[in-house]
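Assemble chain Z onto chain L, guided by the hints.
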Amino acid sequence: MTAIQHISTSRRIKDRVVQGLVYLAFALAVVPLVSVLWLVISNGMSRFDVEFLTHSMNGIGARDVGGGAYHAIVGTLEQVLLASVISVPIGLFTAIYLVEYGNNGRLSRAISFFVDVMTGVPSVVAGLFVLAFWILFLGFSYSGWAGALALSILMMPTVVRSAEEMLRLVPVDLREASYALGVPKWRTILRVVLPTAFTGIVTGVMLAVARVAGETAPLLMTVFFTNSINNDPFTGPQMGLPLFVFDQAARPNDTAVDRAWTGALTLILIVMLLNLVARLIAWWRSPARGR
Amino acid sequence: MATNVRTRDGGPATSRSASRRSHGEGLFRFLATGAGVVLLAIMAAIAVFLIGEAIPALRANQANFFTELTWDPNGQQVFGIAALAFGTVLSSALALVIATPIAVGVALFISHYAPRKLAAPLGYLIDLLAAVPSVVYGLWGLAFLVPLIRTPSQWLNEHLGWFPLFAGEGAIGGKTMVAGSIVLAIMILPIIAAISREVFLQAPKMNEEAALALGATRWEMIRMAVLPFGRPGVISAAMLGLGRAMGETIAVALIFPATFDITFEILTPHANSIAANIANGFGEATQIGRGALIASGLVLFVITLLVNMGARLIINRRKEYARAGA
Chain L
1 MTAIQHISTS
11 RRIKDRVVQG
21 LVYLAFALAV
31 VPLVSVLWLV
41 ISNGMSRFDV
51 EFLTHSMNGI
61 GARDVGGGAY
71 HAIVGTLEQV
81 LLASVISVPI
91 GLFTAIYLVE
101 YGNNGRLSRA
111 ISFFVDVMTG
121 VPSVVAGLFV
131 LAFWILFLGF
141 SYSGWAGALA
151 LSILMMPTVV
161 RSAEEMLRLV
171 PVDLREASYA
181 LGVPKWRTIL
191 RVVLPTAFTG
201 IVTGVMLAVA
211 RVAGETAPLL
221 MTVFFTNSIN
231 NDPFTGPQMG
241 LPLFVFDQAA
251 RPNDTAVDRA
261 WTGALTLILI
271 VMLLNLVARL
281 IAWWRSPARG
291 R
Chain Z
1 MATNVRTRDG
11 GPATSRSASR
21 RSHGEGLFRF
31 LATGAGVVLL
41 AIMAAIAVFL
51 IGEAIPALRA
61 NQANFFTELT
71 WDPNGQQVFG
81 IAALAFGTVL
91 SSALALVIAT
101 PIAVGVALFI
111 SHYAPRKLAA
121 PLGYLIDLLA
131 AVPSVVYGLW
141 GLAFLVPLIR
151 TPSQWLNEHL
161 GWFPLFAGEG
171 AIGGKTMVAG
181 SIVLAIMILP
191 IIAAISREVF
201 LQAPKMNEEA
211 ALALGATRWE
221 MIRMAVLPFG
231 RPGVISAAML
241 GLGRAMGETI
251 AVALIFPATF
261 DITFEILTPH
271 ANSIAANIAN
281 GFGEATQIGR
291 GALIASGLVL
301 FVITLLVNMG
311 ARLIINRRKE
321 YARAGA
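If you read the protein sequences in the order shown, they are chains L and Z.
Using full-length UniProt numbering, the first residue of the first sequence is number 1, and each one after it goes up by one.
Using full-length UniProt numbering, the first residue of the second sequence is number 1, and each one after it goes up by one.
Just chain L, same shape as in the assembly:
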């Protein structure tokens, strides 16, 4: 208490004012989150029913009530799965290269730098690239697969970064013990390093999936639009849940806007669930690292 008395009033006031501003900044940041979640839940619940989850928009007129997002949910799940199938092996092997083989050489530094830069590639540009390359240059048609290609470009850098971080956490002692037993490097990576880092990598992949599951812009120019169910991601236009929300939100009548809110609720549930499970896995494996 005596120490406080030596601090002049103006310094103390300044300290208090800054503290107030810092608390205010945090409160300001939380307001939109609460507001978004509240609106999505309250507006989305009205149409969050069995019909919404099990029906498509096929044959639903402009002002009709009813209809659902089944086609979009199926599309999103397939596209995200395919995107993971493409990006996880490439991302994981790149991380292995950076950690185990790169030795901080020129190639390794270039890759590392461009992985960082790649995280900043706008999602719409990834979509335009797949449009230019896959659809206009190679002449394939719009499909869920094309959408998955675009999403995989957005996933790769996230997978590389998280896998790299997890691989670097594996103690060097473990690797050296394995080498000392005569196990070659690649088997050490496969049998010792990867299993040790496994849960961390799974967490990273799920966070990457959660990130791209909500992407709309790249789907717009790759999977196109459809109102009917298309279970085959390789032929014909598909739908995606974010695209469904975008489409319905832009329509002028209330029934469509209601569907948009329910679509947003479904999308947020999927994304938050992925996030939550990912964090739970991470927390469960290493309670001490959490900050």
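Derived by calculation from the structure, the hints in this document are not laboratory data.
Check each hint, because a few of them may be wrong.
[To be verified] These stretches of chain L come out as covered by chain Z in the derived footprint (C-beta under 8 Å, 3 or more residues):
| id | segment |
| --- | --- |
| 1 | 48-56 |
| 2 | 77-89 |
| 3 | 119-129 |
| 4 | 226-239 |
| 5 | 265-276 |
[As the list claims (entries may be wrong)] Lysine-lysine pairs mimicking DSS-like chemistry, simulated, CA-CA at most 30 Å apart:
| id | chain 1 | residue 1 | chain 2 | residue 2 |
| --- | --- | --- | --- | --- |
| 6 | Z | Lys175 | L | Lys14 |
| 7 | Z | Lys205 | Z | Lys117 |
| 8 | Z | Lys205 | L | Lys185 |
Given the structure is predicted, the values throughout are model-derived calculations rather than measurements.
All C-beta atoms, glycine included, are put in the ideal place defined by N, C-alpha and C.
Quick look at chain Z alone, frame taken from chain L:
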């Protein structure tokens, strides 16, 4: 079991197992290096194919691509990036001005003000902001934010209309530049806050404790020991946020009214951006139209690439920030 392991992996190196081992090793190294090269190739391919598909449209353009305001590639084949690029830069700059101070405050709150036990969950709360899909922010902006800021916008226009940004005649409020910028600010806040937080946490503890021991208040300690250390990190975090705001598409596509003019009157319904124009214009685009949109995407790609590379160079120059890359 033991013998099995020995003969398969660590046993005496007969020529057969040695060659198999080097095959495996070579293959594995090849796969790892190849994956990294694929990543570099994708970045190069993005540039190459965007340029390739943009050239025919640019050839057909009847106007100067860099100075023309209108965007009519489907009809008269007259289109230019000027108004769109202006909108992209202005909306992102506004978003940055709104988001950076709040994000720095949030980062300081998590790193130096919040109780230890609460810091992690509260930080996670901010990260959740980044998990909300962009289309949901667009929907929220349309249904909630646009009506909400109409009255304040009109008040600002009435009382502070002499200030160029708040000037304007006729309809004030609605789907405006400022509405889109606020949504962009919310979307880039988590990344700026996350990187700044990491950087602030890495400020040397010795300096902080020395400042406190000399009788500094908490704010004085932060000003002397934390902020100078963190400044380059905050700058690059802001640049990463800027890059993200520029590329953000769907939220602003829903909010911006898709006009093609250059105006600083952010309270009037005149706003557009490169990314929003791509999303809104793609559906009805002809072949030339798609090429024109790809050309505008190329411009966006180059701008965001430069911003991001600048930010990364600042981060990478400081070894202390090694862990802060998000």
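With a cut-off of 8 Å between beta carbons, are at least three residues of the segment 77-89 of chain L near chain Z?
Per the Cβ count (1), the hint is violated.
Examine the segment 48-56 of chain L for residues whose CB is less than 8 Å from any CB of chain Z, and state whether their number is three or more.
n = 0 at 8 Å, threshold three: violated.
Hey, Z/Lys175 versus L/Lys14, does the alpha-carbon distance stay inside 30 Å?
Distance of about 39 Å is beyond 30 Å: violated.
Given as covered by chain Z, does the segment 226-239 of chain L meet the bar of three residues or more with CB within less than 8 Å?
With 0 residues closer than 8 Å to chain Z, the segment 226-239 of chain L misses the three-residue bar; violated.
Could you grab the alpha-carbon distance between Z/Lys205 and Z/Lys117 and see if it respects the 30 Å cut-off?
19 Å, holds
Tell me whether the statement that chain Z covers the segment 119-129 of chain L is true, taking a Cβ distance below 8 Å and needing three residues at minimum.
Holds, because 10 residues of the segment 119-129 of chain L bring their Cβ atoms closer than 8 Å to Cβ atoms of chain Z.
Check whether three or more residues of the segment 265-276 of chain L sit with their beta carbon closer than 8 Å to a beta carbon of chain Z.
holds (count 5)
Please verify whether Z/Lys205 and L/Lys185 have alpha carbons no more than 30 Å apart.
39 Å, violated
Taken one by one, the earlier hints fail for this structure at numbers 1, 2, 4, 6 and 8, listed in ascending order.
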